[in-house]
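**Student:** Residue numbers (this note's numbering), protein chains in the order written: chain S, 11 to 201; chain V, 11 to 201.
None of these hints come from the bench; they were simulated from the model. Here the structure is a predicted model, which means the values were calculated and not measured. Treat the hints with caution; some may be incorrect.
Identical copies go unnamed one by one, so any copy, or any two together, can satisfy a pair.
Below, a list of computed lysine to aspartate or glutamate pairs in the EDC-like style, where the Cα atoms sit at most 16 Å apart [claimed, not checked]:
1. Lys12 with Asp150
2. Lys52 with Asp154
3. Lys161 with Asp114
4. Lys161 with Glu147
5. Lys52 with Asp33
6. Lys161 with Glu137
7. Lys13 with Asp154
8. Lys13 with Asp114
9. Lys12 with Glu110
10. Lys161 with Asp33
11. Lys13 with Glu155
12. Lys13 with Asp33
13. Lys13 with Glu137
14. Lys13 with Glu147
There are 2 protein chains.
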Amino acid sequence: MKKSLGPRTIAYPHPVFLVGSYDAEGQPNLAAVAWGGICCSKPPMVAVSLRAATHTHGSILLNRAFTVCIPDRAHLREADHVGIYSGRDRNKFAHLGLTEVRSDLVDAPYAAEFPLVLECRLAHVHELGLHTQFVGEILDTKADEAALNEKGFPDMGLVDPLAYSTGDSAYYVIGERVGGAFSVGKDQDPS
Amino acid sequence: MKKSLGPRTIAYPHPVFLVGSYDAEGQPNLAAVAWGGICCSKPPMVAVSLRAATHTHGSILLNRAFTVCIPDRAHLREADHVGIYSGRDRNKFAHLGLTEVRSDLVDAPYAAEFPLVLECRLAHVHELGLHTQFVGEILDTKADEAALNEKGFPDMGLVDPLAYSTGDSAYYVIGERVGGAFSVGKDQDPS
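So that you can see chain S by itself, here it is in the shape it has in the complex (with noise of 0.2 Å):
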């Protein structure tokens, strides 16, 4: 018998998406989202939820773009700053040390040292409830050399992602390569 928690927002593993973003002063800025994820293959797409009340909110609506930025386990720190503070109280990139980096295919920065980095115009908005849901189509993916594997694609291992724990609000790494999908579950031949 499974326990009933009632309606609960836990679906795991959630992200750790920063979401880049420029506001009306041209201030470039980061927002922590854990309510998101890539939502279609063609066009690619990621859909990525923010509260009206939010400082990112406004800038996505007026610049009709964004960035997801993946920070890896060495900028945990940087990460959980992003999701305390405002943009519209101080400069997070300034504050941070981070390295502000203007896309050159959409109108929105991005941290050159997160590992990952996807670039997005705004392609659909989605009023929920709390939340509005912003669909980005993915105009490019830009990957550090480092998180590349042998066929020159990030491996999930290599970017070292984060992941969010809403049962005991914290953070987790991603632990070990368990086997590869359409792999482990075909039948076994009758042999």
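The hints should help you fit chain V onto chain S, whose structure is shown.
**Tutor:** Frame of chain S, contents of chain V only:
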């Protein structure tokens, strides 16, 4: 300098959701979904994206309901199996020996063996391209007692979920807890 990889669907960590539904014949089915995540806090909502060609796509539209099951490390083989075979060709519950439980809240099944389950009423359908995004309002969250911490909430470390890596097409488990949220990134007190 980062390397440009083009528009790609890489935003780690990707979840491994097994989406439960009944088809037109009333047969229970599970679909593997890595494109999804929580998308609203009030009301609590979760998004899962599926191609129109999948069996589950029609089942969700038919019953306006689905479950999201979170498989753990012990059910890696079952999770991968769900992503390989179609519910058009086999009853995956029967084939895998999973215990079908009919939700008491929505017209959808889940498997008793998975530690965490969300029961959802279809709230929104967003046609994005190759994928349709189904947004479900979470009516209840059910968890195994073993996944609950001392406060009665499921910690990610206790649920022990899988994560999917597109770069190497592989599953990973969650690793160590590295810090408390809204804590490790606070400004230091000037003392």
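**Student:** With identical chains treated as interchangeable, where does the CA-CA distance between Lys13 and Glu155 reach 16 Å or less: within a copy, between copies, both, or neither?
**Tutor:** Answer is between: at 7 Å across copies they meet the 16 Å cutoff, but 45 Å inside does not.
**Student:** Within a copy, between copies, both or neither: which one fits Lys12 and Glu110 at a CA-CA cutoff of 16 Å?
**Tutor:** between (47 Å within a copy, 13 Å between copies)
**Student:** When no copy is named, should Lys161 and Glu147 be tagged within, between, both, or neither for a Cα gap of at most 16 Å?
**Tutor:** neither (24 Å within a copy, 40 Å between copies)
**Student:** Checking an output row: Lys12 and Asp150, CA cutoff 16 Å. Within, between, both or neither?
**Tutor:** between (43 Å within a copy, 11 Å between copies)
**Student:** Using 16 Å as the alpha carbon limit, work out where Lys161 and Asp33 are close: within a copy, between copies, both or neither.
**Tutor:** neither (38 Å within a copy, 39 Å between copies)
**Student:** When Cα atoms must be at most 16 Å apart, do Lys13 and Glu137 count as within-copy, between-copy, both, or neither?
**Tutor:** Classified as neither: same-chain Cα gap 31 Å, cross-chain 34 Å, threshold 16 Å.
**Student:** If the cutoff is 16 Å on CA atoms, where do Lys13 and Glu147 land: within, between, both or neither? Let me know, please.
**Tutor:** neither (39 Å within a copy, 19 Å between copies)
**Student:** At most 16 Å between alpha carbons: which applies to Lys13 and Asp33, within, between, both or neither?
**Tutor:** Answer is neither: 44 Å inside a copy and 27 Å across each miss the 16 Å cutoff.
**Student:** Within, between, both or neither: how does the pair Lys161, Asp114 come out at a Cα-Cα threshold of 16 Å?
**Tutor:** neither (25 Å within a copy, 47 Å between copies)
**Student:** Between the shortest in-copy and the shortest cross-copy C-alpha distance, which are at most 16 Å for Lys13 and Asp114: within, between, both, or neither?
**Tutor:** Between. Shortest inter-copy distance 13 Å satisfies the 16 Å Cα cut-off; intra-copy 50 Å does not.
**Student:** If the cut is 16 Å between Cα atoms, do Lys52 and Asp154 qualify within a copy, between copies, both or neither?
**Tutor:** Answer is neither; intra-copy 24 Å and inter-copy 37 Å both fail.
**Student:** Quick one: Lys13 to Asp154, C-alpha cut-off 16 Å, is that within a copy, between copies, both, or neither?
**Tutor:** For Lys13 and Asp154, only the inter-copy Cα distance (6 Å) is at most 16 Å; the intra-copy one is 43 Å.
In this structure, the hints that do not hold are numbers 2, 3, 4, 5, 6, 10, 12, 13, 14, in rising order.
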